[in-house]
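Q: Sequences listed follow chains A and B, in order.
Once you know that position 94 of the first sequence is 93 in numbering that gives the first Met the number 0, the rest is easy, because the numbers rise by one and skip nothing.
Once you know that position 419 of the second sequence is 418 in numbering that gives the first Met the number 0, the rest is easy, because the numbers rise by one and skip nothing.
FYI, nobody ran anything at the bench for these hints, they're computed from the structure.
Small disclaimer: the values here were computed from a predicted structure and weren't measured.
Hints are supplied without guarantee of correctness; some may be wrong.
[What the hints assert, rightly or not] If you want the footprint, here are the derived chain B segments under chain A, 3+ residues with CB under 8 Å:
| no. | stretch |
| --- | --- |
| 1 | 260 to 271 |
| 2 | 527 to 538 |
[Stated by the list, open to error] Not close to chain B: a few residues of chain A, all C-beta gaps over 12 Å, as computed:
| no. | residue |
| --- | --- |
| 3 | G16 |
| 4 | T40 |
| 5 | H85 |
| 6 | T112 |
| 7 | G132 |
| 8 | S291 |
| 9 | G298 |
[Unchecked claim] The calculated label-pair distances, taken between Cβ atoms and stated as ranges, are:
| no. | chain 1 | residue 1 | chain 2 | residue 2 | range |
| --- | --- | --- | --- | --- | --- |
| 10 | B | G247 | A | R87 | 20 to 30 Å |
| 11 | A | G125 | B | G318 | 52 to 62 Å |
| 12 | B | S334 | A | G161 | 39 to 49 Å |
| 13 | A | P34 | B | D348 | 53 to 63 Å |
| 14 | A | D48 | B | S334 | 18 to 28 Å |
| 15 | B | G247 | A | S308 | 29 to 39 Å |
| 16 | A | G125 | B | E123 | 42 to 52 Å |
Where a beta carbon is used, it is the ideal one built from N, C-alpha and C, also for glycine.
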Amino acid sequence: MSNDLERGTVGDRPASGPTTSYVVTHRTAYRYAVPVSDAYTMTCLLPRDRSIQRVLGASLDVRPEPNEYDDRTDVFGNRVVQVGVHRRHDEFEVVATSRVEVRPQPVPSTPLTWEDVAGRCTALQGARAIRVGPYRAVTPSSMPADGGAELDELASAVFTPGRPIVESLRALSHLIFAEFSFDPTATDWATPLDDVLRHRRGVCQDFAHLAIAACRSRGLAAAYISGYIETDPPPGEVKSIGADASHAWCSVWIPGENEAGDVGREWFDLDPTNDQVPPHRHVTVGWGRDYSDVAPVRGVVIGPNSTQSMEVSVDVRRIE
Amino acid sequence: MTVNPTGVDHDPVRLAERQATVDRLLIAEGAGHVVHDLPVRSDGRSVALASRPWRLDPIPYRISAEEFLWLDEAVRRRMAMLESLLDDLYGDRRLVAEGVIDPALLWSSPRYRLAAVGAAERREQKRWLSVYAVDVARTVDGVWFAITDHTDAPSGIGYALLDRAVLGQVAGPELASARRLSPMLRVLRQAFDDTTPSVGPRVAVFSGGIDHPAYIEHSYLATALGYNLVEGPDLVVRDRHLWLQTLGGLEAVDVLYRRLSDWSLDPMETNTTGSSGVPGVLLANESGGLALANAHGTGVLQDPVLARLWDRAGQELTGDEPWLRLRRDDGTIDSILGRPAERVDTWFDDRLVEQPVVLRFHAVATDEGITVMPGANGRVLAVEDDPRLPSPCLAKDVWVSAEPSELVPSFPVREALVAPQVDLITSVPTRAADSLYGLSRAAERSEAVARACRVVAGSPIDAIGEGPPDVALQLLDALTGPDVDLAAVGAPDDDGTRAAATERETIVVSAGQSLDYHVGSMLAESASVREFLSTTTGRVLGELVTTRERLTSRPLDVDALDVLLTQLSAFSGLWSESVVRGPAWYFGDFARRYERAVVALTGAAAAVRCAADPLRDPGDRRRGLESVLAANDSLVAYRRRHRSDVEIQAVLSLLLHDDRNPRSAGASMAGLDRNARSIGWFDGTDVLAEIRRDLDAVEESVDVDPAELESLITRLHSAAAALHSTELMAPPHPMLVRSSAVVDPGAVA
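Chain A extracted, bound-state conformation (with noise of 0.2 Å):
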């Protein structure tokens, strides 16, 4: 499918070592004060495969019955569903279920600087420019209205000259963890990148458009991954169902040793939230220039003008 913006990546050589199993339970809720009376939702909430990952089964339960159900992959190569309640309901539920395998990403042995890298990404020719290059796009979320002295500073203290790449991504990923704080309070989810950078803190989101944003201003391309983490209890307790949530990082175009036949394994996974370059015990759903382009759920309800209530839980369990 010539959409399929990483297309290489599926299952050309891949990754080697343990796999792990997690099943997936993502639930959304919409409770509407007045009954609506047509709904129109879309989501991208099923898992794709890519090198590190192979996606065992997954569905999506709609209530009420849904009238219309159509099933895509978008230009991005993600399973997107856009789904239509055309009757009377005050409740709408979105389940999604999923069992994926993931590998541990390795961790790519080049020598190449983020100069180098750069430069050979911005020279890209064929159809690799064509899968790679949306990824160095400049869009809203990845770019502040009017704090770039602020994102240059940030990338100038990481991609210093000649500084390798992996080596880049990793004090990236530091920096950003140990200067910003994580506060679920301080931003929504459409918070621009200036308020991020002006008071140091944000959630997951912010974060992995920080680091893209840092990536694409000094000519890397940059993909934003929506997925999910699993998550520990804390010590002593019985891990609760639902307490998981959506998560969110990025992935860095890193070309492969052999350049002309491995076109696989050519992206690089760090979560500046956590701080894991690469991450481990990551779940990854689809992936887009920024959050808008795989945001979960989001739709239109039509109706009188009135409250609505949302309650999402999400349940990452890992299969022994």
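Based on these hints, arrange chain B on the given structure of chain A.
A: Chain B in isolation, oriented as in the chain A frame:
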């Protein structure tokens, strides 16, 4: 008298006369004024600045036949080149693969629609561009340059037709040598038929509604093409098909001639803005056979950053050098062209001046090929204007000279294969019916308030503050009360005379606001249903704008009130004599009769109160009853029937029960019943019959309890509300469901 090469008479007196006529004709089309600051419409949307006013230069711009031959080919080539670019950008992306276009730049553009990537293979749509427009300018030494491409939802063909229709009425015989524009309508119809493989498709013009700056053109074109003019709330996607919600149910739509930007078509698409679109419309486009003209995604060619690349990219792709080159720099027209733009004779502010001009040419693609309209929209610029920004608009009609053999236009148009697909009289979008309902109510209510104002304005001013309150004033108060926030006007004084004067002032001020509101509602509602109203009606509405402004500052200006009443009578005359009888008319007429019944009952209640008032002497009562009759426009009827002093029994008979008085409550109830049956609202006829029975039972005497009359009013209101909520409920607007924010449990490392 001077005659210049355009062949048009440049005598200043003649030009001034022509300008005056042109202005009047444009106002009649609803095009000459700014519709602004109007109250909220019945569907809850407020109306902001709806259109920029424009004036039309009486001097046309002329292009010779030879010169047009070149332009025709140049525009055609440019459109073909842009079509190839779209094919590539959303298809193979050879330009990206070969390094001509930086993918980062392309993917950074919000105008590059991701949902359109690869879509050409998925949908049954024959082309990207069905309509295309390009702004061009000519240098003093005769070289043409393109300044802006319009590929998303180009506007202007309708304006060109409108301007030509207007100028055609003032131009002399010299117009006969210019090529006609009207054959373009046939080409357009064919172009929309040709977007889709299906035969005889149903086409609708998709507008953003009255708030859209080019709304006048949308409505003009829809009428001229014979298509429904639809807005987001009129449409719905079911089973992957697009449907129009009409009074008769859902009707399938096959082609949308969209006048909205592609990024606002479907709120389900990533990075869409606003809620003016139709959820799921892209799904219908991809898998339900719906065609969009132009296709979703064509707006990318208008991205200001990318636009600089098209000429080179197009040349790489097609191997052909563009004839019309695009100049994309910012600045004035002269700096953009790199040398002075040509100046043309212009009649501006009653003077003959020479100004630069930008011309917008239009091209339309059918299966037969590309047709360029032999004419254009001229826009006169000030020397310092940036030609890409909207400027205070002085339009210029553009005449292409015909060779004698071309006088009969030779458009490559097939005869229509299929007769018009739909009876537009019965196929009425629910929203349009709702607007006609609101329009009629507002018209009737404006008339009642204006008439009561007229009576108040005519009553002797020295009587203020003496004796019992003025009946006309009380009636006016009853007619305006609930609409206006009286608290905003201020509390009356303690002092007796002052209090009476202030009470009068308060009521008059609120009546003024009420008139302003109702006339404003008429304008707002009518603007969105222009295709149902005649051109003459447009002229009356245009004049109402001026009258409304006059009354805003002086609500009791007798002359302005008389003008208003004349205009409202003209409007209602046109409504009954010039609007086709169909569902839309019955809804409107229902609203009119309903308001009229309420007004008659309100008058009757005021009459009873006056007649039963022990503080009034007989002369005072007689004057009061006369005011009530005058306010109901029934005084003459009374005098014709009863050659006597005014008596309460006769007044009540005339206002309530006399079916021969078209303004009586009884006659209005009969009208309501007729309309309800025509609409097919049979649930309502029983309710109306009960109200009618109780109305008939009202005694014609001074002992009637006014509350009995007022309870009839309340029942009428609920009957009308029931009709509105069951038959007319305009589909409410979509609201966005917030996506689930990503909130994670924090650092777990």
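Q: Evaluate each hint against the coordinates.
A: Evaluated hints:
1. 260 to 271: holds (count 4)
2. 527 to 538: Not satisfied, violated; 0 residues make the cut.
3. G16: holds, 20 Å
4. T40: For T40/A, whose nearest Cβ neighbour in chain B is about 7 Å away, the distance does not exceed 12 Å, so it is violated.
5. H85: Violated: least Cβ distance 7 Å, not greater than 12 Å.
6. T112: holds, 20 Å
7. G132: Given a closest Cβ separation of 2 Å, the condition is violated.
8. S291: Given that some Cβ of chain B is not farther than 12 Å from that of S291/A, nearest at about 6 Å, it is violated.
9. G298: Contrary to the label, G298/A does not stay out of reach of chain B, its closest Cβ about 4 Å off (not over 12 Å).
10. G247/B <-> R87/A: 20 to 30 Å: Hint holds: Cβ distance 22 Å, inside 20 to 30 Å.
11. G125/A <-> G318/B: 52 to 62 Å: Taking Cβ atoms as reference, G125/A and G318/B lie about 21 Å apart, which means the hint is violated.
12. S334/B <-> G161/A: 39 to 49 Å: Roughly 45 Å apart at Cβ, these two residues keep to the hinted range, so it holds.
13. P34/A <-> D348/B: 53 to 63 Å: holds, 59 Å
14. D48/A <-> S334/B: 18 to 28 Å: At 55 Å between Cβs, range violated.
15. G247/B <-> S308/A: 29 to 39 Å: holds, 38 Å
16. G125/A <-> E123/B: 42 to 52 Å: violated, 31 Å
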